[in-house]
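Listed in order, the protein sequences are those of chains X and D. Converting from the first sequence to the numbering used here requires adding 667 to each position, the first position being numbered 1. Converting from the second sequence to the numbering used here requires adding 4 to each position, the first position being numbered 1.
Since the hints were derived computationally from the structure, they do not count as laboratory data. Since we're looking at a predicted model, the values are computed, not measured. Warning: the hint list may mix true and false statements.
Said to hold, decoys possible - Using 30 Å as the maximum straight-line C-alpha spacing, the simulated DSBU-like pairs for lysine-lysine come out as follows:
1) Lys846(X) <-> Lys720(X)
2) Lys78(D) <-> Lys840(X)
3) Lys890(X) <-> Lys740(X)
4) Lys212(D) <-> Lys933(X)
5) Lys317(D) <-> Lys704(X)
6) Lys740(X) <-> Lys720(X)
7) Lys96(D) <-> Lys78(D)
8) Lys889(X) <-> Lys908(X)
9) Lys795(X) <-> Lys78(D)
10) Lys935(X) <-> Lys212(D)
11) Lys840(X) <-> Lys196(D)
12) Lys212(D) <-> Lys795(X)
13) Lys196(D) <-> Lys923(X)
14) Lys933(X) <-> Lys196(D)
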Amino acid sequence: DLDGSHLVFMHSLPQLCKMANLRILVGVKRVIDYAVKIRVKPDSSGVVTDGVKHSMNPFCEIAMEEAVRLKEKKLAKEIIAVSCGPTQAQETIRTALAMGADRGVHVEVTGKEYENMTPLHVSKILAKLATDQEANLIILGKQSIDGDNNQTGQMTAALLDWPQATFASELTKENDHLKVVREIDGGLETIKVTLPAVITADLRLNEPRYATLPNIMKAKKKKIAKHKAADFGVDLASTVKVVSVEDPPVRQAGQKVESTEELVAKLKESGVI
Amino acid sequence: MFQRVSRRAFSVLVVAEHEAGKIGQGTLAAVTAAKQINSGPVTVLVAGSDAAAAAEAAGKISGVDNVLHAKDAKYDHAVAEQVSALLVSLQKANNYTHILGTASNEGKNFIPRAAALLDAQPISDIVSVVSADTFVRPVYAGNALATVQSTDAVKILTVRPTAFEKAAAEGGSAAVAEASGETASGPASTWKEDQIVKSDRPDLGSAKRVVAGGRGMKSGENFEMLYKLADKMGAAVGASRAAVDAGFVPNELQIGQTGKVVAPELYLAVGLSGAVQHLAGMKDSKVITCINKDPEAPIFQVSDYGLEGDLFKEVPA
């Protein structure tokens with residue numbers, strides 16, 4: 668005799684299929700490694716990048732990690748990692764693939780065009796890509812540690828007319844929407860956004876995994892599709908240009924004090940207490 | 005032949021931050037930036053269901069010419085989708101040359117969204133105005149300053165509050181006009197709740213004195229020492245990312261490249277090594293001091309007065 672268990676399975680299978688319904692687009696940016704001491708070029712045209720160690724932007728790692736966790740929870744069926752930049756951006760995509768992305772997209776932007784590329788360009792590319800790929804969730808890092816703009820996620824959401832949940836420190840999928848705890852100026856805020864949506868990852872959303880050697884090897888077989896910005900209808904002419912890049916003002920060297928009393932005395936002298 | 009070139013008149017919209025009838029310090033800094041940008045009229049926008057008092061306060065800010073009061077609950081909690089739709093409506097109606105917000109989590113949330121809707125590349129976190137189209141902003145955690153020039157029809161900016169003098173809160177007499185805008189065309193996020201710890205201490209972003217703790221504090225309980233010291237000094241309390249990540253203190257205390265930027269008269273760093281990313285958030289403080297047992301800690305290099313010692317012995321009781 669058949670008991671009812673196979674009927675339960677048949678009933679829940681569509682539910683399970685419905686649950687793993689996210690196709691997630693994750694942006695990953697190649698930036699100068701956070702530990703590198705940057706140098707401004709003597710001609711003030713920018714920062715020295717040749718021969719300097721680069722890595723995946725730390726916030727992009729967090730974004731990627733969150734996508735992988737959603738897939739591990741069987742809430743996502745596919746993760747696409749995308750990067751806009753020169754050939755070396757493929758290394759960053761490979762890292763994303765090793766972390767668990769299923770396939771990659773490299774939008775090749777080089778030379779002067781890359782130097783002048785802005786968040787507006789990137790958001791236009793991501794919006795078109797998301798539409799083409801039928802992604803229903805975009806996870807980006809909240810900012811990249813080179814430009815420190817903190818704009819791309821917001822702009823991509825605007826172009827898609829999707830809701831946004833920025834500076835996310837906690838993400839929970841609840842049926843057809845996401846509950847997001849965000850870091851705000853005074854503390855934390857909880858919001859809900861319906862899908863599709865754009866999330867930007869803040870520091871405490873998760874701790875990203877290191878890619879294991881077996882996963883790095885597997886990643887070599889995953890596909891990276893190559894494109895140009897024009898493929899997404901995006902013109903890389905920019906309305907904002909960098910006139911110059913300079914060192915910040917240098918603080919005068921200070922002095923050591925021997926005791927708290929001396930510290931307090933010095934502070935009273937300088938009038939700050 | 006002399007050619008007359010017609011130039012669009014300057015006009016700046018400043019999007020205000022406000023709470024409980026008070027205008028935020030960041031907005032006062034943005035008004036100063038607006039006055040530096042050009043000689044055109046400065047309009048302050050105050051939005052929300054319970055913002056009439058704030059709108060009146062905005063009218064009293066020195067240098068403000070107009071106030072727009074958008075009274076609607078959909079703008080409460082500065083919901084990004086709604087505020088940016090409002091900005092688009094106002095831009096279509098009034099053709100501003102510049103739109104300014106504060107470079108706070110609040111402003112950073114909706115300003116870029118509005119910019120994309122207006123097909124403009126926003127310029128975030130400006131620390132100086134060179135001209136009506138040229139601004140300076142920090143990059144690489146403030147280790148470089150980029151001067152950027154925009155040819156966008158409307159320049160959309162966020163202003164770093166510590167980089168500009170705060171406009172005087174009194175002295176202005178601008179009229180308040182009601183304003184409204186289109187509701188966001190797509191789905192907007194739904195606010196559920198806030199977790200905000202109210203404190204009697206000065207607001208960290210604008211405090212004249214700040215005491216900050218790092219990983220060297222070793223525990224959340226030990227931060228009590230700093231809270232007590234701060235209360236004696238009339239200071240706000242901040243922290244490094246490490247202290248927040250370790251759970252010693254809540255996230256809104258984080259000072260740094262990706263946290264709050266402060267520039268108090270006095271900054272005291274306790275048990276805090278001074279990583280580059282932390283310095284990004286406080287190196288413009290007037291006087292920097294530190295207590296740290298590691299003489300090699302980078303914080304000594306930016307300190308005017310550095311005390312090498314064990315914080316558990318040295319912190320003034």
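Here is how each hint holds up against the structure:
1. Lys846(X) <-> Lys720(X): 37 Å, violated
2. Lys78(D) <-> Lys840(X): 24 Å, holds
3. Lys890(X) <-> Lys740(X): 23 Å, holds
4. Lys212(D) <-> Lys933(X): Holds - the C-alpha atoms of Lys933(X) and Lys212(D) are around 17 Å apart, at most 30 Å.
5. Lys317(D) <-> Lys704(X): 33 Å, violated
6. Lys740(X) <-> Lys720(X): Outside the cut-off at roughly 34 Å; violated.
7. Lys96(D) <-> Lys78(D): 20 Å, holds
8. Lys889(X) <-> Lys908(X): 37 Å, violated
9. Lys795(X) <-> Lys78(D): Since the Cα atoms of Lys795(X) and Lys78(D) sit roughly 29 Å apart, the hinted pair holds (cutoff 30 Å).
10. Lys935(X) <-> Lys212(D): 15 Å, holds
11. Lys840(X) <-> Lys196(D): 15 Å, holds
12. Lys212(D) <-> Lys795(X): The hint is violated at about 47 Å.
13. Lys196(D) <-> Lys923(X): 50 Å, violated
14. Lys933(X) <-> Lys196(D): 49 Å, violated
Hint compliance for this structure: hints 1, 5, 6, 8, 12, 13, 14 are not met, and every other hint is.
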